[in-house]
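The primary structure of each chain is shown beneath.
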Amino acid sequence: MKGLYAYIIRRLILLIPVVLGVMLITFILMHSIPGNPVAYLGGSGKLPPEAVEKLVKIYGLDQPLFIQFFLYLANLFQGNLGTSISVNPGANITDLIVTAFPHTVELTIYSAIIMILVGIPAGVISAKKRNSLTDNVTRVGALIGVSMPVFWLGIMLQIIFGVVFPIFPILWAGIHEPAVKVTGIYLIDGFISLDFRTIVDSIMHYALPAIALGALSLSIVTRMVRSSMLEVLGEDYIRTARAKGCSENATIYRHALRNSLIPATTVIGLQIGGLLGGAVLTETVFAIPGIGRLITDAIMRSDYPLVMAGVLFIAIIYILSNLVVDVLYAYLDPRIRY
Amino acid sequence: MRKSVKYSLALIIVLSLAAGGLILLSPSRAQAGETTLKIAQAGDPITLDPYDSWDSASNDIIVNIYDTLVMYVPSTLNFRPGLAVGWQILPNTTIIFNIRRNVTFHNGDPMTPYDVWWSLQRVLPDAKRSALFNSTYINNATANPHGYQWAELVDRESWVWLLYENIKDIRMADIGFWGNTTYTGDNATAGDGWAEIVVEFDAPFAPGLSLFSYAATSIVNWRVATELGPTGMKFAPVGAGTGPFAFNSWILNYKVVLDKWPNYWGQVAHVDHVEYQTILSASSRTLAITTGLVDLLYPEASDWYTLKDDPNIETWQEAGLGTRYIGFQCMQNVTGRMFGILSDSTVRKALSYAINYDEIINGEQFLNGLGTRLTQPVVPAIEWAYNSSIKPENEGGILPYYNLTKANETLNSLGLLDVDGDGIRDIKGWASNSTDDFTLIYGYNIGNALRERVGYLLQDAFAQIGVKLIVQGDPWDVFLYTNLAAGVYDLWFLGWGPDYIDPDTYFYPLFHSSFGAVYDNDTGEYTWGTNAAGVNISTVDYLLDAARSETNQTLRAEMYMNATNILINEYVWGWCYIPDNTYAWRTTISGFTHSPLLQFDDLEYVVKTAGAGAGVPIEIIGIVIGVIVAVAVISGIAYWRKGSAA
Chain L
1305 MKGLYAYIIR
1315 RLILLIPVVL
1325 GVMLITFILM
1335 HSIPGNPVAY
1345 LGGSGKLPPE
1355 AVEKLVKIYG
1365 LDQPLFIQFF
1375 LYLANLFQGN
1385 LGTSISVNPG
1395 ANITDLIVTA
1405 FPHTVELTIY
1415 SAIIMILVGI
1425 PAGVISAKKR
1435 NSLTDNVTRV
1445 GALIGVSMPV
1455 FWLGIMLQII
1465 FGVVFPIFPI
1475 LWAGIHEPAV
1485 KVTGIYLIDG
1495 FISLDFRTIV
1505 DSIMHYALPA
1515 IALGALSLSI
1525 VTRMVRSSML
1535 EVLGEDYIRT
1545 ARAKGCSENA
1555 TIYRHALRNS
1565 LIPATTVIGL
1575 QIGGLLGGAV
1585 LTETVFAIPG
1595 IGRLITDAIM
1605 RSDYPLVMAG
1615 VLFIAIIYIL
1625 SNLVVDVLYA
1635 YLDPRIRY
Chain C
3 MRKSVKYSLA
13 LIIVLSLAAG
23 GLILLSPSRA
33 QAGETTLKIA
43 QAGDPITLDP
53 YDSWDSASND
63 IIVNIYDTLV
73 MYVPSTLNFR
83 PGLAVGWQIL
93 PNTTIIFNIR
103 RNVTFHNGDP
113 MTPYDVWWSL
123 QRVLPDAKRS
133 ALFNSTYINN
143 ATANPHGYQW
153 AELVDRESWV
163 WLLYENIKDI
173 RMADIGFWGN
183 TTYTGDNATA
193 GDGWAEIVVE
203 FDAPFAPGLS
213 LFSYAATSIV
223 NWRVATELGP
233 TGMKFAPVGA
243 GTGPFAFNSW
253 ILNYKVVLDK
263 WPNYWGQVAH
273 VDHVEYQTIL
283 SASSRTLAIT
293 TGLVDLLYPE
303 ASDWYTLKDD
313 PNIETWQEAG
323 LGTRYIGFQC
333 MQNVTGRMFG
343 ILSDSTVRKA
353 LSYAINYDEI
363 INGEQFLNGL
373 GTRLTQPVVP
383 AIEWAYNSSI
393 KPENEGGILP
403 YYNLTKANET
413 LNSLGLLDVD
423 GDGIRDIKGW
433 ASNSTDDFTL
443 IYGYNIGNAL
453 RERVGYLLQD
463 AFAQIGVKLI
473 VQGDPWDVFL
483 YTNLAAGVYD
493 LWFLGWGPDY
503 IDPDTYFYPL
513 FHSSFGAVYD
523 NDTGEYTWGT
533 NAAGVNISTV
543 DYLLDAARSE
553 TNQTLRAEMY
563 MNATNILINE
573 YVWGWCYIPD
583 NTYAWRTTIS
593 GFTHSPLLQF
603 DDLEYVVKTA
613 GAGAGVPIEI
623 IGIVIGVIVA
633 VAVISGIAYW
643 RKGSAA
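From first to last, the protein sequence lines stand for chains L and C. Per the working numbering, residue 1305 is the first one in the first sequence, and the count goes up by one each step. Per the working numbering, residue 3 is the first one in the second sequence, and the count goes up by one each step.
Please keep in mind that the hints were generated in silico from the structure rather than gathered at the bench. From a predicted model like this one, the values you see are computed outputs, not experimental measurements. All residues carry an ideal CB built from backbone N, CA and C; glycine is no exception. Errors might be hidden in some of the hints.
As the list claims (entries may be wrong) - Listed next, the stretches of chain L that the computed footprint assigns to chain C, with coverage defined by at least 3 CB atoms under 8 Å from CB atoms of chain C:
1) 1381-1393
2) 1465-1477
3) 1611-1617
As the list claims (entries may be wrong) - Mimicking DSS-like on lysine-lysine, the simulated pairs with C-alpha atoms at most 27 Å apart in a straight line are:
4) K1485(L) with K262(C)
5) K1358(L) with K170(C)
6) K130(C) with K1358(L)
Next up, chain L with everything else stripped away, as it sits in the complex (with noise of 0.2 Å):
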């Protein structure tokens, strides 16, 4: 246990160096883009010129860069992430991504029970009757699954589920709000405060965006699930447990399920990191107002702090859930050791 918790800090101290390689690569990639946030506020070409360059000097973008990048740092090891200066205009950035954050842990929450309740069965029945129809209807229903483009899926469902057979609402944007906003989820939220309409309300509107997103994470999960359970199905182990008597049923969820979720979980962990950075496309075909978005928003319009402050945090997010992947490696297999 001791050795976990060293190598949890060791994996901390690395995130410093990670971070700030991270931040320099974004910084000169922005400022490489042409175009700069002011320009795009004097998008009627009525800013006069004068107001331009005091804009410019107030946001200090006449220094040179690498000047830039160190009041940008110091400004962070303050806690300070500036404003925003051309999706919201002087919006406090730790606000904007309070804010937005909580609508991406939602998707995430609801695609990840697509992802795990409906892959991981389906992988195991599917390697359980190899080569059946079942299984080559959900080989294909994968392969499906991963070749679709996301919005594409995504208009698709508003297009079937929300206009032919008008089931679910099309746009997030029009959810019913939770009296009382304790964690911004609004399935929590919603049971906190005992707001039936609320949980309702949230299951529906996520319901197609979480479809469309899970959708690839199901199919990654699907085929990993299938192809490590028919390994472990060919492990000597599990021929002990049918030669001892053992059900079939018991054999594959006691013994060879378990073994086989090694690698699942690897895959589901990155899977939800990703999904937490924000699902960009998604976010925007069903007007969701997650960190995604925000962040698309804010390269749209060069809004530099908020360009880096988001992809500082997506960096962060990664790297703490492969570190949560990790560390849960040691619980699921005995023979992992830190």
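Put chain C on the given structure of chain L with help from the hints.
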């Protein structure tokens, strides 16, 4: 097994009942019966403080929270009294506003002439603010405890104040003047305790009145503004306005909610709330209105005909207030390239014949019918200064139309011939070397697909008249502030929108020589001016200056029409089109007035009737979900127990 079936059934019933019961008890049910007008916006507003708003998304909200002194009769461009019940325009530089009484702000504070004076002073550039404002407010620790400067570009990014450069002074004066009689000075009854607002201009400024209809001059509650400060006013101006709707909440990047203001001085709103939803994806906005998730939006050009055919949706289309043109570099020899060939008006005339106006307006790849041919600087909506007799030649008028033969003939008549036989005309008379190819550069801003396509359309047409056209896309800031200013392009595509409703805004910034690009000797760089074409015609300058100070509308109209004639005969622009204003709204709402200003104004007149059976009722959904969850839980448990039982 039987027992478990019983338990399962019981669980299903309990969960379903719980779902139904909770819905019935939900706090949200209490709000049922209230109407909410839902509007889809393509972007989040920038600010809710009128004083630094310039973008359409902000303006659409601001006009409903605040009032201005002068307002428009719904769906027209005619003035009506707003927070000023009347006004007198004294010859020649002064306007007196009689301020409306018994108006209350959204927090219950009564609106006084001081609020009006304060709001207008705040908009002014630093140097124009009165000493009284600075001493009694800005530098006064009691009145302004937080020390807000409200100075442009220090606290915030405001530049609308540039519109008010012509204002000399705005003051309160209790001259006891009230009503519709003409103010002569003699009929004043001093000191009735309710001050008038006197606005004085530096020089006679005919469009002066229209400045006070502009959203930036909205009247705000000075106490609230002082309390909230620039940031508060920007994001949550609670109680700051007098308009038909009061600010309720703004969830950044999601929605802005306004509530009906029951004590509004004018028509009290019919709907209880207005919700502006930010939906970035164009296809999602269209789906949202076709399925009834939103009631009103600016339709997407690509979906216009779909919406038009939808029986549940009403649409509106008319020529708007903006203008789109292909500018020609009229200045002599700005960069030395092509030897200032476009400074010759006959060359510009020839090129004007090579623009396929019809294709740009009606072509599917272009406007797809959502525009009207631009024939002169002003738009038809400014009726009194618009010369409706100006038409394209093929309709019996004088404007160039798409005719390559004429273009060729005109260029031939100038002696611009293809000397070396490579299919491209050669510069002659403009250069010592007469075998230089006649090559021009067309500039547009990257990302604007229409302007890019226009470039290739021109390239194609120009090739047929022996002119080589290079289509060059640049990012917006490079396009406008660097290249256009420095004269890198010979021709370019650009648009213009009015700052106020007067011909002055269509002429002065675009054709007066004082608005051209300025060369800085120190830096060796050009600074961009709105007159990017570099139009420099002394008669036009004279007419525009004179029209600014003339108050007789008939004379003004004459001056503008004269200027129009000169500009048309000089072929300074390729007069392209006026984009149409389009609105789409669901038939469940009525009373929507389609403002010519292309803004969601006058929403207080909108009535919304509940749509017939929009979707499945929430109660049924709740029960269905309850049952599904219960069944899933039970079967999951059963399956798991079966599996592990062995």
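| field | Numbers of the earlier hints that this structure fails to satisfy, in rising order | value | Checked against the structure, the only hint that fails is number 3, while the rest are satisfied.
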